[in-house]
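2 protein chains.
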Amino acid sequence: MSPATWRSPLSAALHRNRAQPESRYFQLATVTPEGRPQNRTVVFRGFSEPTNQLKIITDDRSEKIAQIEHHPWGEICWYFTQTREQFRLSGKLTIVDQNYPDATLQQERQQTWQSLSDAARLQFAWPHPAQPRTEEKEVFSPPPPDVNKPLPNFCLLLFNPETVDHLELRGNPQNRWQHRQDESKTWFVEAVNP
Amino acid sequence: MSPATWRSPLSAALHRNRAQPESRYFQLATVTPEGRPQNRTVVFRGFSEPTNQLKIITDDRSEKIAQIEHHPWGEICWYFTQTREQFRLSGKLTIVDQNYPDATLQQERQQTWQSLSDAARLQFAWPHPAQPRTEEKEVFSPPPPDVNKPLPNFCLLLFNPETVDHLELRGNPQNRWQHRQDESKTWFVEAVNP
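Chains as they are written, first to last, in the numbering used here: chain F, 5 to 198; chain B, 5 to 198.
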């Protein structure tokens with residue numbers, strides 16, 4: 005696999021904005037089976053090394069699961085406030101759920117589960133998201149799940165970028181680049197007008 | 005028109021996060037004619053009072069114009085870092101371009117143009133966005149456009165929310181509400197599980 009031309013500027017952005025915890029949040033857009041866009045903030049969980057796929061986690065009770073199963077395309081919009089730059093990554097999503105057949109990815113699903121905070125793991129034991137609010141407070145304080153065994157509804161999402169648009173708002177004029185792949189899947193970059 | 009139940013919590017969020025300029029940026033997702041999601045950061049330009057429509061500006065040379073003409077649905081994801089809360093607004097977009105027939109909205113298009121900074125107006129006189137980078141620096145320093153006459157490619161975008169999902173990450177458990185409209189278009193709100 006050729007090195008992706010966008011990995012270096014994205015690493016630099018993550019480094020320069022590291023003082024802000026929200027620099028690891030981005031907005032993921034997907035499409036419903038009816039063809040409408042949906043958009044939500046998710047947390048970047050690192051890369052699935054040695055690939056260029058970004059790791060996200062989700063609950064299989066979340067609406068985005070049905071959306072991705074029906075239509076695997078997504079677009080990430082990642083805005084860094086400190087350096088005032090934006091990355092738009094367009095690509096395909098893979099859902100690694102409890103039944104996903106690949107042993108390596110099951111291992112990565114487990115490692116990602118282990119790397120979560122206690123509070124993050126606990127949310128997967130909460131009542132069904134987006135259903136009418138459960139009044140019993142105690143259902144939001146269940147016993148902590150096993151650190152070594154992901155709950156069945158825990159999913160690893162892998163996002164595989166096909167194109168990346170990078171905009172720097174600083175500078176006059178602004179700078180913008182488009183990262184794409186040629187027929188042999190080699191990444192190249194082109195400067196475009198902002 | 006009934007008052008929208010989400011206007012008050014959104015106003016509160018804008019007020020509490022006002023120290024950060026980026027609290028007025030949000031991510032707008034649309035769908036391409038091929039059915040793929042697209043997602044980009046845009047600036048909130050206030051409401052088209054007295055309606056509940058959010059104002060955005062765009063260039064008619066931008067890709068989102070063709071997307072919205074083909075498929076007017078969008079979803080805004082608006083994350084406030086200071087108060088750690090997210091609003092997801094799902095609704096329809098209207099493009100008020102230079103040929104839009106409504107006189108009141110043409111006036112609003114002109115007022116929005118007048119309210120922009122000189123730098124923001126100047127960008128509408130720049131070369132075609134996303135085309136190979138124009139090397140001549142002087143084309144990015146054109147004469148300032150007329151403050152009172154929007155350039156032909158300047159568009160006002162109006163976003164009309166149909167549902168709003170509000171999530172507060174602070175609190176244990178977190179709080180989440182869904183704002184919807186009944187058959188008579190009266191807004192109501194329901195607490196749901198986070």
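Treat the hints as calculated values from the structure; they're not laboratory data. Every residue gets a Cβ at the ideal spot worked out from N, C-alpha and C, and that includes glycine. Misleading hints may appear alongside valid ones.
[Stated by the list, open to error] Per label pair, the in silico range of CB-to-CB distance:
id, chain 1, residue 1, chain 2, residue 2, range
1, F, Thr98, B, Asp122, 42 to 48 Å
2, B, Asn164, F, Glu67, 20 to 26 Å
3, B, Asp150, F, Leu173, 22 to 28 Å
4, B, Lys96, F, Leu18, 18 to 24 Å
Hints, verified against the model:
1. Range check, Thr98 of chain F to Asp122 of chain B: Cβ separation about 46 Å, and the 42 to 48 Å hint holds.
2. For the hinted restraint 20 to 26 Å between Asn164 of chain B and Glu67 of chain F, the CB-CB distance of approximately 22 Å keeps it satisfied.
3. Separated by about 25 Å at the C-beta atoms, Asp150 of chain B and Leu173 of chain F satisfy the suggested range of 22 to 28 Å.
4. Taken as a hint, the range 18 to 24 Å is violated for the pair Lys96 of chain B and Leu18 of chain F, whose Cβ atoms sit roughly 35 Å apart.
Consistency note: the structure conflicts with earlier hint 4 alone.
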